[in-house]
Amino acid sequence: MKFDELKDSAFDPASLERSLAALEGELAKPPPRSWRADVALLLAVSWGLAGAMTLVLFFTDPGTGALALRHLPALGLLLGTGGLAAFAALSPPGRLPVAAALVAAGLGLSGLVFLRALDTTAASTLPPWVCTLSHLGTDAIPLVIALLCLRRSAPHTPRALLAGVAAGSCGALIGEVGCGQSWQHVLLFHGGAWALIALASAVIARRLKRFSYAP
Amino acid sequence: MGEASNEELMSRFCTGDSAAFRTLFGRLGPMVQRFLRSMLREPTLVEDVTQTTFLSVVRSRDRYTPGADVARWVLSIAANAARDLLRHRALGVEQLSSTGDAVERPSQAPLPDPGLRRRLEDALQALPESQREVVVLHKVEGLTFEEVAGVLGITSTAARIRAHRGYGRLKELLVDLEGM
Numbered sequence: 001m002k003f004d005e006l007k008d009s010a011f012d013p014a015s016l017e018r019s020l021a022a023l024e025g026e027l028a029k030p031p032p033r034s035w036r037a038d039v040a041l042l043l044a045v046s047w048g049l050a051g052a053m054t055l056v057l058f059f060t061d062p063g064t065g066a067l068a069l070r071h072l073p074a075l076g077l078l079l080g081t082g083g084l085a086a087f088a089a090l091s092p093p094g095r096l097p098v099a100a101a102l103v104a105a106g107l108g109l110s111g112l113v114f115l116r117a118l119d120t121t122a123a124s125t126l127p128p129w130v131c132t133l134s135h136l137g138t139d140a141i142p143l144v145i146a147l148l149c150l151r152r153s154a155p156h157t158p159r160a161l162l163a164g165v166a167a168g169s170c171g172a173l174i175g176e177v178g179c180g181q182s183w184q185h186v187l188l189f190h191g192g193a194w195a196l197i198a199l200a201s202a203v204i205a206r207r208l209k210r211f212s213y214a215p
Numbered sequence: 001m002g003e004a005s006n007e008e009l010m011s012r013f014c015t016g017d018s019a020a021f022r023t024l025f026g027r028l029g030p031m032v033q034r035f036l037r038s039m040l041r042e043p044t045l046v047e048d049v050t051q052t053t054f055l056s057v058v059r060s061r062d063r064y065t066p067g068a069d070v071a072r073w074v075l076s077i078a079a080n081a082a083r084d085l086l087r088h089r090a091l092g093v094e095q096l097s098s099t100g101d102a103v104e105r106p107s108q109a110p111l112p113d114p115g116l117r118r119r120l121e122d123a124l125q126a127l128p129e130s131q132r133e134v135v136v137l138h139k140v141e142g143l144t145f146e147e148v149a150g151v152l153g154i155t156s157t158a159a160r161i162r163a164h165r166g167y168g169r170l171k172e173l174l175v176d177l178e179g180m
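Sequences listed follow chains A and B, in order.
The first sequence begins at 1 in my numbering and counts up one residue at a time.
The second sequence begins at 1 in my numbering and counts up one residue at a time.
These are computed hints drawn from the structure, not numbers from a lab.
Glycine is no exception: its CB is placed at the ideal position from the N, C-alpha and C atoms.
Hints may contain errors.
Said to hold, decoys possible - These stretches of chain B come out as covered by chain A in the derived footprint (C-beta under 8 Å, 3 or more residues):
#1 25-35
#2 44-53
#3 64-77
Unchecked claim - Facing chain A, from chain B, some residues (calculated, C-beta under 8 Å):
#4 20
#5 81
#6 139
#7 140
#8 144
#9 145
#10 173
#11 176
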């Protein structure tokens, strides 16, 4: 086809000059925060909040220490899943395949349920949805951080899902030190909240005004 | 001494050399503008998105992988920005002022536009955005399907399928043109 007509079409030098002039202000600014700092920030907020809530639980519930020790493998699994998800969500393409990270997130949730099936401690006197509510409540701050970090690259739904997984690891960690109920409870009331956070991240991220469109 | 490559200029920019960015802008600006003109057509939008594209280059220079093809990286930013703009326009959230009225854009004299080019541009605009970006990158920018796939973050098979459909539709639209 005669696409050379488009190839040879005159560009608009005046428009380019205006664009370059408008960029001068941005060039004068110091370099923005790196994506590595974003990964560290998201994990620091997510895990820091989980750590703070764990401390509160230690002082308010004497059984927390023993429960946390029993759930150490699950806590390790959650740290690994959250770290991997944050890295895959916020790093530039080519460093860690997003599909692999999504599979790892699915395996992380499955592992959590499996580990609980091996070691259910006690039924709770609280209604089961309390876990879901506290999960969603504590994940709100990491979710905001995840969304702010996602603004710094082009819209990409799988990455936004992974950022939500990383944010949701906060509530999941707290769930492991504060709840000893059955695997069905973990799957429905913990896993459901985690999935909701990931979904919310994907839905909200698509509508955000971007700071950058870099892949 | 030969001219610095785009990749060398980008590396220098990443270490704080703003002059290297200006040289890169001079080299890649026309390519980005041409691509966006085929994608968006409207001159004011093309200017806005060109600026957004290079603003993203400045803001996200840490996301550039040293040694990677800079032109492809910048084109992928332009494609992302154009796609997002078109999506927001489709949702009706773009170009609205705080009062909800359509923003008056300053009118610009259209570029010289011979009949054939206008026909081609009209036909391109009639394509779905996903097919248009592949056709423009492949046919106008001369990228291979593997390169197109890299720019758009899709597989080369998907790029070929989109191009095949796009060319089919263009043939229908431009059936009366010679040399198809």
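Verification of the hints:
Counting residues of the stretch 25-35 of chain B whose CB lies closer than 8 Å to any CB of chain A gives 5, so the stated coverage by that chain holds, three being the minimum. Counting residues of the stretch 44-53 of chain B whose beta carbon lies closer than 8 Å to any beta carbon of chain A gives 6, which meets the minimum of three for the stated coverage. Under a criterion of three residues with beta carbons nearer than 8 Å to beta carbons of chain A, the stated coverage of the stretch 64-77 of chain B is upheld, 5 such residues being counted. For residue 20 (chain B), the interface hint is violated, since its Cβ never comes within 8 Å of a Cβ in chain A; the closest pair sits about 11 Å apart.
The interface hint given for residue 81 (chain B) holds, since its Cβ lies 4 Å from the closest Cβ of chain A, which is under the 8 Å cut-off. Hint status for residue 139 (chain B): holds, given a least beta-carbon distance of 4 Å to chain A, under 8 Å. For residue 140 (chain B), the interface hint holds, since its Cβ comes within 8 Å of a Cβ in chain A; the closest pair sits about 5 Å apart. A cut of 8 Å between beta carbons decides the hint on residue 144 (chain B): the least distance to chain A is about 15 Å, and the hint is violated.
Because the smallest distance between the Cβ of residue 145 (chain B) and any Cβ of chain A comes to about 16 Å, over 8 Å, the interface hint for this residue is violated. Of the supplied interface hints, the one on residue 173 (chain B) is violated, with its beta-carbon coming no nearer than about 11 Å to a beta-carbon of chain A, more than 8 Å. A distance limit of 8 Å between C-beta atoms decides the matter here; for residue 176 (chain B) the minimum to chain A is near 12 Å, and the interface restraint is violated.
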